[in-house]
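**Student:** Sequence:
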Amino acid sequence: MAAKKVLIVYAHQSSGSFNAAAKDAAVEVLAAQDCTVEVSDLFGKCFFSAGEVKNADHFRYAEETKLAWEEGKLCADITEEQRKLTQADLVIFQFPMYWFTVPAIVKGWFDRVLTLGYAYTLEKRYSQGIFKDKKAMLSFTTGSPESMFSANGINGDMNVTLWPLQNGILHYCGFQVLAPQIFWAPSYVPSEARSTMLEGWCKRLQGLLTEKPLSFTPLDCFDGEGYQLKPEVHEKHASKEHGLTVGIHLGKALPPNSQMKAGV
330 MAAKKVLIVY AHQSSGSFNA AAKDAAVEVL AAQDCTVEVS DLFGKCFFSA
380 GEVKNADHFR YAEETKLAWE EGKLCADITE EQRKLTQADL VIFQFPMYWF
430 TVPAIVKGWF DRVLTLGYAY TLEKRYSQGI FKDKKAMLSF TTGSPESMFS
480 ANGINGDMNV TLWPLQNGIL HYCGFQVLAP QIFWAPSYVP SEARSTMLEG
530 WCKRLQGLLT EKPLSFTPLD CFDGEGYQLK PEVHEKHASK EHGLTVGIHL
580 GKALPPNSQM KAGV
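The numbering used here applies: residue 330 is where the sequence shown begins, and numbers increase by one.
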């Protein structure tokens with residue numbers, strides 16, 4: 330296997346945290362496989378867009394950042410992150426889940442780094458996206474046990490929670506999305522259990538670069554006007570028990586674990 334470049338976008342305030350341990354494990358195991366690993370430690374950084382605004386009276390963030398990107402006027406922090414992302418074959422987002430999503434600083438990275446033109450266009454998104462040759466994944470800790478994130482649990486189905494992040498951000502930009510690495514409530518389990526979690530992560534990292542990605546409905550299954558599912562695709566799945574995906578469910582039962590396991 331040819332050497333690969335990996336970017337880890339890391340968000341935790343403490344070097345003694347479980348997230349830090351998971352990040353360190355990834356660096357160590359992937360480097361041992363001759364990968365070049367870069368880490369973007371988001372805490373302590375602040376990402377801003379260009380200082381000059383073309384249309385201050387009607388500010389439109391996406392368009393302004395696209396112009397700044399085209400003119401080479403994005404601030405140095407953003408262009409450095411885009412350099413890392415451009416070179417990366419795999420991106421791992423390592424974070425604690427806050428309020429059923431990423432921490433605000435990770436959302437800021439998405440907003441400021443994945444600029445219009447650089448990361449997506451109206452023509453290049455989803456399965457035909459700009460980053461379709463790259464892989465990306467979420468690796469995160471939760472504050473609740475797995476049972477609470479089940480279809481019958483009070484937090485709801487984790488597959489539903491992950492859909493906006495994995496489909497609406499990563500897959501939208503074209504990434505092949507690997508199954509998430511979820512560390513369930515490490516703060517509430519014995520140290521031995523945390524060690525077992527890290528051992529499992531290290532084992533997975535050994536074959537991570539060859540894993541198959543999650544399944545999403547290809548862009549060519551939708552028409553080119555309202556981006557509605559084509560009638561022939563809808564008809565093909567009419568008799569099936571489950572919908573196509575968590576989001577495109579056709580009013581049917583959600584496909585189980587489609588956002589957590591490849592090949593389902």
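Check the hints yourself; a few may be wrong.
What the hints assert, rightly or not - Each pair of labels, with its calculated beta carbon distance range:
hint : residue 1 : residue 2 : range
1    : Leu451    : Gln535    : 36 to 42 Å
2    : Asp406    : Lys569    : 43 to 49 Å
3    : Pro493    : Thr365    : 28 to 34 Å
4    : Ser544    : Ser473    : 23 to 29 Å
To be verified - Derived DSS-like pairs: lysine-lysine, alpha-carbon spacing no greater than 27 Å straight-line:
hint : residue 1 : residue 2
5    : Lys565    : Lys590
6    : Lys333    : Lys453
7    : Lys532    : Lys461
Since the hints were derived computationally from the structure, they do not count as laboratory data. No residue lacks a Cβ here, since even glycine has one placed at the ideal position from N, Cα and C.
**Student:** Could you check the structure against the hints above and give me the numbers of any it violates, in ascending order?
**Tutor:** Structure breaks no hint.
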